[in-house]
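A.B. asks: Sequences are here, hints too, so could you generate the full structure?
Just so you know, the protein sequences line up as chains A and B, in that order.
Mind the numbering: the first sequence is residues 1 to 434 in the numbering used here, read in order.
Mind the numbering: the second sequence is residues 1001 to 1452 in the numbering used here, read in order.
Think of the hints as simulated: they come from the structure by calculation, not from any bench.
Please note that a few of the clues may not be correct.
[To be verified] When the alpha-carbon atoms are kept at most 30 Å apart in a straight line, the in silico DSSO-like pairs for lysine-lysine are as follows:
#1 B:Lys1314 <-> A:Lys190
#2 A:Lys190 <-> B:Lys1308
#3 A:Lys37 <-> B:Lys1022
#4 B:Lys1378 <-> A:Lys77
#5 B:Lys1378 <-> A:Lys37
#6 A:Lys151 <-> B:Lys1371
#7 B:Lys1363 <-> A:Lys185
#8 B:Lys1371 <-> A:Lys75
#9 A:Lys361 <-> B:Lys1096
#10 B:Lys1420 <-> A:Lys108
#11 B:Lys1098 <-> A:Lys37
#12 B:Lys1420 <-> A:Lys136
#13 A:Lys415 <-> A:Lys249
#14 A:Lys195 <-> B:Lys1272
#15 A:Lys108 <-> B:Lys1308
#16 A:Lys77 <-> B:Lys1363
#17 A:Lys75 <-> B:Lys1314
#18 A:Lys182 <-> B:Lys1022
#19 B:Lys1371 <-> A:Lys108
#20 A:Lys358 <-> B:Lys1098
#21 B:Lys1314 <-> A:Lys77
#22 B:Lys1447 <-> A:Lys108
#23 B:Lys1308 <-> A:Lys77
#24 B:Lys1098 <-> A:Lys75
#25 A:Lys249 <-> B:Lys1272
#26 B:Lys1043 <-> A:Lys136
Computed from a predicted structure; not experimentally measured.
Residues per chain, in single letters:
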Amino acid sequence: MFQKQQRWAEMGIFKKHVIINAEQEGLKTLVMPTGVKDVITFAGSFLGGSLFSPETNRKIAPITAAMMDKGTLAKDKYTISDILESVGAELNFSNTRHHVQFTGHCLKDDLEIVIQLLAEQLRTPAFPDEELTTLKTRMVGNLERSKEDTKQQAMISFLRSLYPQNHPNHRLTIDETINHVKSVKKHELKRFHEKYYGLGNLIFVAAGDVDPIKINETLGNQLNGWGEKKISFNFKGLKARLNKENETKIEIPEKTSMDMYLGQAVGIDRDHPDYYPLMMAIYILGGNFSARLMQTVRDQQGLTYGIGSSLAGVSFGSDGYWSTWGTFAPDLLDVGKNATMEQILNWYNTGVTQEELKAKKTTITGSYKVSMDSTGGLTAQILSNAEKGRNVEYLDQYPDTIRRLTLDQVNGVIKNYIDPNKLTFVAAGTFTDK
Amino acid sequence: MEWRRKFLKVQLQIYMSPKNNKIFHGFKFVKSSGGIEEYTLQKNGLTVLVLEDHSTPVATFMVTYHVGSRNEAIGYTGSTHLLEHLMFKGSRNFNKEKGTAIWTELQNIGAQINATTWNDRTNYFEVVPSEHLERAIAIEADRMRFAFLRDEDRQPEMTVVRNEYERGENSPFDVLDKNIWATAYQAHPYHHSTIGWRSDIENVSTERLQEFYHTYYWPNNATATIIGDFNKAEALALINNYFGEHNASKNDIPGMYTEEPEQEGPRRTVVKRAGQTGVVGVGHKTPEGLHEDTYAFQLLGKILSEGKTSRFYKTIVDRGLATSLLMYDFPLKDNGMFITYTFLTPDTDHQTVEDIVLEEYKKIINGGVTKEEIARAKAQTRASVAFSRDGSYAVASALNEAIAIGDWTFYTTFMDHIKKVSTKDIQRVAKKYLVEEKSTTGWFVPKTTKMG
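C.D. replies: Next up, the structure:
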């Protein structure tokens, strides 16, 4: 349906092709028909993620979401699964820090059936006792297994060093999470569902071989009368701990590769004017294979299979963090850390070059286009943008936002937000220096 | 840059018959299936697959070499994969010295770029904004015959690959999977995993890798695939221009003739390491991917393990015996494996779950599957086939695996074959293959350690 063109995103393709319907109170749909045949990918969300759990038990929200496919008042989970699987459709529920999310795909002729089920599952979950017991057993098993995951352990420890307990970027230890899972009660889930699940801030996105009129009619019929929830949040007041030099080693026996995290809190969120310059500076350090860290620590020195650097934890008002992650053989950890630090110090002291900035601008704008190769990619982009409260035009304007960044802006923020003398370092695996 | 200058000349060479849009200068049309057309570049035997699709302004270019870890032997296991890594270290026109390093050239335009190695094939691919398709073609053509493969590049890359191996060894599943294949296959090179044995990764010489490259990296041992937003005549002209400079190999591409002897009894393997929870894997040998029984196996796998209505979900996961399960039966060029992995919950013992898996197999051998089960599995397959057309990379990726097993139309005709499978076919293959004598069972047993 699109003509070949050099600057696709800049032609206002989202504004032109995404059909928005916000007529129904508390529901916004964004539908993008594409040239793909027969298939539809959809996704949606509303506020009710893990941060909305009571402080006494952070797993109430995730387990509520996980119970959405375990049966409704009218249908048990096998009946639901049978309906979906009989047409080859998929429908999954999950939980982010802020949102309850659902994703799915189906053939175009089956969309109505799938939306009917989606609405029924969200509106009238049954929370069967035996399903909750089994789910908790499985979750505990997965958590026990994750104790031997070197990356997971290092990441949890890193974020716990950076953020206090009430901060959105804080993480529970695995044992704390296991205790929360074990103590969740059915009545807590029902109460949470009652409070947060409903219209109000519900977003529904679909892309593919989809008819916007039909989808809006179906959604309107199925969600009509669902209670509207007035939910808001503000995490802007919550701050990271003060950065300081900090080192943690987590021993996990008989591992042949170690995971390392290195970084610090940066104190700004995605809406801050310095966000994009800082994101670009960090991308030049370690955003992809041709960035500095992979080109030196991996490609030249051969010390690691993977190393990268990113800016994260910045959504919805959270003050985010910069982290560098890498894997090393146990006997190469110190050498690897030093090689990484050498690159970080060089980046901090001398900044990035005009050539690097120019190259990474085309990388980011080009990969933005490539990420829309499938209906899954399109749906994810549109939903993520809408969740942040942005107009769809923002997606069209994004490439120009990146192109406008100047060298002075990018180098300026490195000095303002990074302090290489106050880095948190965490490594997990089997240490050779015991 | 050289490749840009060349493009101007290419425009003049486009030739297309007004009466037949399958006639292009330098190419022989071979066949079409499912909208995909196959051509042969006449000068050197390169196979080319094309599918125009203008849904999004993106194109995928992929070169699949018909060589994988099945072409390796003792002393140089993992060489196909190590060579794949070295292929990014530079070639005649694309290298750091000229300021045209492969990763930089492609990532600077936002391309998704990578390569993968597996049992039967090695593929290099670029997903690019469609206006940059020529750059991807130029790079792949250049490194097909002019890769540097220098010893000073192998030294640091060996430790990179070794860390990839070490990362895999961190995972109980990866370790158990390697052990099950190594136990099930004793003579055939599927015995070793694609990453290879650690000592071979560390010690294989650069000369051995170069020999491997000069044996297998030829246009007549490769398939180039272009999917997405491009003009077919222009794209084929580019292929002709860039790949057309190569000759076909002087020697025949050597075949792999080792056959796995008949398995004459059940085999077992146990891996004990520090860990938290156990894993059970139950595997049975399957026929080669292009065998007609493959389709029945694909449906049987869904009946046993896909979705909450599947048999194993009800009998294992739903009873809290496992956190999850994974079943795979990848069609391969030679025989494969139908394997069920069960990730146990903390208080579940291995034998209980192994018994349930074998009992379910027996039920199918004795009683077959129901019409409802096969109908559901076919519907699931129909949807997954439709989604394998969602995006240029999805199509190229699915084609890549079909090319690997020896016939790209396996992808385009897959659903037609699936439709013909009956409940009797499924019971027949279960009876024939899911028998104790052909089984290989593996347990990952954690040595209990307390970790918080």
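A.B. asks: Next step is simple, just say for each hint if it's right about the structure.
C.D. replies: Cross-check of the supplied hints:
no. : hint                   : result
1   : B:Lys1314 <-> A:Lys190 : 25 Å, holds
2   : A:Lys190 <-> B:Lys1308 : 23 Å, holds
3   : A:Lys37 <-> B:Lys1022  : 24 Å, holds
4   : B:Lys1378 <-> A:Lys77  : 21 Å, holds
5   : B:Lys1378 <-> A:Lys37  : 19 Å, holds
6   : A:Lys151 <-> B:Lys1371 : 45 Å, violated
7   : B:Lys1363 <-> A:Lys185 : 38 Å, violated
8   : B:Lys1371 <-> A:Lys75  : 22 Å, holds
9   : A:Lys361 <-> B:Lys1096 : 20 Å, holds
10  : B:Lys1420 <-> A:Lys108 : 24 Å, holds
11  : B:Lys1098 <-> A:Lys37  : 44 Å, violated
12  : B:Lys1420 <-> A:Lys136 : 41 Å, violated
13  : A:Lys415 <-> A:Lys249  : 28 Å, holds
14  : A:Lys195 <-> B:Lys1272 : 48 Å, violated
15  : A:Lys108 <-> B:Lys1308 : 23 Å, holds
16  : A:Lys77 <-> B:Lys1363  : 24 Å, holds
17  : A:Lys75 <-> B:Lys1314  : 17 Å, holds
18  : A:Lys182 <-> B:Lys1022 : 65 Å, violated
19  : B:Lys1371 <-> A:Lys108 : 25 Å, holds
20  : A:Lys358 <-> B:Lys1098 : 18 Å, holds
21  : B:Lys1314 <-> A:Lys77  : 11 Å, holds
22  : B:Lys1447 <-> A:Lys108 : 50 Å, violated
23  : B:Lys1308 <-> A:Lys77  : 8 Å, holds
24  : B:Lys1098 <-> A:Lys75  : 65 Å, violated
25  : A:Lys249 <-> B:Lys1272 : 25 Å, holds
26  : B:Lys1043 <-> A:Lys136 : 63 Å, violated
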